[in-house]
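Novice: Here are the chains, one letter per residue:
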Amino acid sequence: MAAHAIRTRWLGFLFLAAMLVVLAVLPWAINNYWLRIATGALMWAGLACSWNMLGGYAGYINFGHSAFFGLGAYSSALLMNDPFGLPFLATIPAGMAVTALCAVAIGGPTLRLRGAYFAIATWAFAEVLIQFATVMDFTGGTGGIGLPPFLNERFFYFAMLVAAVLTYLVTWALFERSRFGLKVKALRDHEPAAEAMGINTALVKLQAFVLSAVAASVFGSIFAYWVTFINPKSVFGGDITDQMVVMVLLGGLGSLWGPAIGGVALFVVNRLIWMNWGDTAFYIAILGAAIVLVVLFLPNGIAGLFARRGGNGALAKAAEKLVRGGER
Amino acid sequence: MDLFLQTLLNGLLIGGVIATFTIAFQLTFGVLHVIDFAVGGWVVLGGYLGYYMASGLGLDGFLAIPVAFVLFGAIGYLLGPVLYNVRNSRTARPELMALALTFGLFTLLRGGMLTAWGFNTRSVATALSGESLTLGPVTVPLIRVAAALFAAAIACSLFLFLYRTRYGLAIRATAENRNNAALMGVNIRRLSANVYGLYAGITAMAGVLMGAIYSVNPEVGLRYTLFAFFVAVLAGLGSVGGAVVAALLLGVIEAYVSTYVGSSYSLLAIFATLFLVLLISPRGILRRGL
Amino acid sequence: MSVAMSSAAAAPAQADSILVVRGLHKHFGGIKAANGVDLEVRRHEIAGLIGPNGSGKSTLFSLVSGTVPPDSGEIRFDGREIAGMSAHRIARLGLARTFQIPALFENMSVRENLLAAAAEGHWAGARERAEETLALLSLEHVADNRASDLSGGQQKLLEFGRAVMRQASLILLDEVTAGVHPNIRRIILDAIVRLRDKGVSFLIIEHDMEMVRNVCDRIIVMDSGRVVTSGAFEDIVRDSQVMQTYLGRPQ
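Chains as they are written, first to last, in the working numbering: chain G, 1 to 328; chain B, 1 to 290; chain C, 1 to 251.
Just so you know, these hints were derived from the structure itself, not from any lab. None of the values given here were measured: they were computed from a predicted structure. You can take every hint at face value.
Footprint (simulated), chain B over chain G, 3 or more residues, beta carbon under 8 Å:
hint	stretch
1	130-144
2	237-245
Calculated from the model, a selection of chain G residues having no Cβ within reach of chain C, i.e. all distances over 10 Å:
hint	residue
3	Val21
4	Asn31
5	Phe150
6	Phe155
7	Phe229
8	Lys233
9	Val264
10	Leu305
Cβ atoms here follow ideal geometry from the backbone N, Cα and C, with glycine treated the same way.
Pulled out of the complex, with its shape left as it was, chain G reads as follows (with noise of 0.2 Å):
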């Protein structure tokens, strides 16, 4: 048994380290229409993480995600423009302390309070943020704002890549592999015994939160520069959320790799529908009917599929009689 645990962890480095050698030189493998495809795929893989950091693994569900992911988007914006005109990589950390503090704001009071009420909270502050950057002046207002163009296919793809990795491998160290992850589902499942069992579950809930905002606005932050042009709908719209609800749903709450898996999955599906229909409304209603078939018929997404324990796990039971019944 040991053995075969050993085993199986060797055989999961090596497809990760398979992976990371295929995406390291994927850039010279396909042409930029495609480069462009997996650069987005990265970064939806990426967002979605980010909202499972607090959606998935302290079940506190964020409807305005994509607040974050605007405030970093548009604090890059602002400081790549005159009067700051600040070099691109200097805008990141400042975009990220941005969120950090706004995180701090509405977490602190919020997080407390059952999960519905934070749900509204953080709907409600996306859309005053879209609201506020529609009728501001210094924001560019309905137009949006530009950026110094950089028209370079594979910075972008590798700065979506590291931001990507390195937002799953925090994901895995801190939620998969620390205390702080086992504090995290603990206070998730049973918020009165966590507290019971020392754990700060105010402190711990928002530590969270601000982890998994700061994630989102490090993407905001690439994508506007990767754009060039950003206005309110399209970093702070609602679908952004939308999009990252479904691809957690889909690949499975609360895992490591669902979110990679629904992310990746979701966005291929949204760019064929996108190149033989266009932008259409009808995929509004797919990513609707997306979620209430997951929640209906899925719930643990495609990664509870496999899940050897936990979740509904019928696919690895399966595999698991199979072996059973080889080794009789």
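Given chain G's structure and the hints, the job is docking chains B and C onto it.
Specialist: This is chains B and C only, laid out in the frame that chain G set:
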């Protein structure tokens, strides 16, 4: 001064219409323990029903009110048990899943309506459209007065039903304490179906009225979901008594911001108020029991 | 927390009570769940808390552990006033509790439940202690199962195991053996006595008189939100009026 009074009256009239579906929204939360993101979707669907009955069949828009109640009441009655099952399932995190379900439903309705009807704005034609009523120094559109009267009638019937019938008592008992109600022999599952049906029906009726006063397009659903949340937060989730006051207040705030600051700021003002209330007094400032 | 542990072991003479409750009040609407509770738990003692249903035993646990704030009164734990303190701070001072209805982390594995209990505080060696606790409670074979998949008795065991993992100086156990198979009950009782001998104090709510007689050093009787009497098991039993009135069982 006249403008001030007129704005106040306008706001109260709209607030009255908002009150009808937010009361039902609160009731649904009390019984099902789910906040329904799809609330705005039901409003918009009601508006479209009114539009198609008025423009397609040439009937008066107000005739759509009973039809909306029956049609969406039936749809809600069918959806209620689904929501109840998810909310009370044995899977991990049912509260979160139920929230996600209504969010998905809302997105589905919005996307479906956009696909079917596009972004065009429609309004419900009634015999009263374009008429206005002068009361001393103030003049208000007659349609708003009529809508507010309809709304008041709906709200009064709902309150009579809740406080004067045995079934209303069962609903209130369930909203107060689900376990005790179950012990007293209330079939919570069936009650949930009925309450969700009642709520969807009332919300669609309010949608017809809103469609007659303003107009509808698939994107305004968000606005009505916001209204419901605003009232829920100000009144405290599940509180029906505070909902009426909060809805009237919402109507008045919206009217004044639109008149004196500009209508593009009204949503910002409402969201900002909602957000501030959540930060300052998160359990609601008008909290009152059923 | 280590301070609490060492003072518990080093200075028993200075104050021989680890928990002192004085004049504790808590009203829920018109119900007086705690109506002037006075009691103490001595160091290295297993104190049994008995009384009819609704006498305020579980409420007392919630008040002492900080899950519910008291209206008034004093709670001194290890010489420190803790009334009104938040639950996690009280827990960090070295007080652990179980819940009457098992409050497990349902989506986590059995092992993770134990580790989560140690996540705040004595983390050094927590993994080894988790394995020891699994062995102690005979839960090794289900260590990787989801907590919600456990049987009722195993859930009680895990609930107890988490309290053990806290390395607390005082453990409050709320009917930890109710509805549990006799074999499992034996395991829990042995563990309680062993921990007591190591210097841990216990306050346990228990309905089973056999168990009360076997493990408790002293009995505290509650009724209607107050402590009625306390003393050795034999003395309480001899007071047949107490037995009749509060336990509904003559002799």
